[in-house]
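Participant: Please put together the full structure from these sequences, using the hints given.
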Amino acid sequence: MVIETARLVLHPYTPILAARIADAAPRDPRWAPDYPFEGDQVTARMYLEAGAPGGLWVPYAVQVRDSGLFVGGAGFHGLPDGDGTVEIGYGLARSARGNGYATEAAGALVGAAARAGARRVTAELEFDNQPSAAVLARLGFTRTDPLRWSLPLPGWTGSH
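For the working numbering, add 853 to where a residue sits in the sequence shown, where the first one is 1.
Heads up, some of the hints might be wrong.
Derived DEER-like restraints, expressed as beta-carbon distance ranges [unchecked claim]: (1) Q983 x A905: 33 to 41 Å; (2) M854 x R883: 14 to 22 Å; (3) D876 x P1007: 36 to 44 Å.
To be clear, the hints were calculated from the coordinates, so they are not data collected in a lab.
Glycine included, C-beta positions come from ideal geometry on N, C-alpha and C.
Facilitator: Here it is as structure tokens:
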């Protein structure tokens, strides 16, 4: 399922797309010069090793609508658990940072999770990543420990 926002199109991984991202080949002319980066390649390999699942709860390649360039990834780390909690992650090529795309992509994931009935979205920062922490704070997440963030979904409006 493609997820769209005003400025972005999030394309769900497929086996073919993931294989191309994992190997960074063949290079797609729609890829930003610094995409895919290592985080995208690791995510693509993990997706393929998991048997290339389909549906909503997968990684997505982030494309900027105006330029048509693919600039990063955002997605779910799997299905919601028994309590309805799902984890998200996101990352952008350096050339795409500072434009609000991470906030927009993460917000789109939260909205999709809410519409699908998830009860909570979590995210974990690899390090004390202040720009990423700011993305989560803008979306209404709260810090639950130094690197983990959480957002309960009942009543979430996406307007934070």
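Participant: Kindly confirm whether 33 to 41 Å is satisfied by the beta carbon distance between Q983 and A905.
Facilitator: At roughly 34 Å between Cβ atoms, A905 and Q983 fall inside 33 to 41 Å, so the hint holds.
Participant: Could you tell me whether the CB distance from M854 to R883 stays inside 14 to 22 Å?
Facilitator: 20 Å, holds
Participant: For the range 36 to 44 Å, tell me whether the beta carbons of D876 and P1007 fit it or not.
Facilitator: 41 Å, holds
The structure agrees with every numbered hint stated previously.
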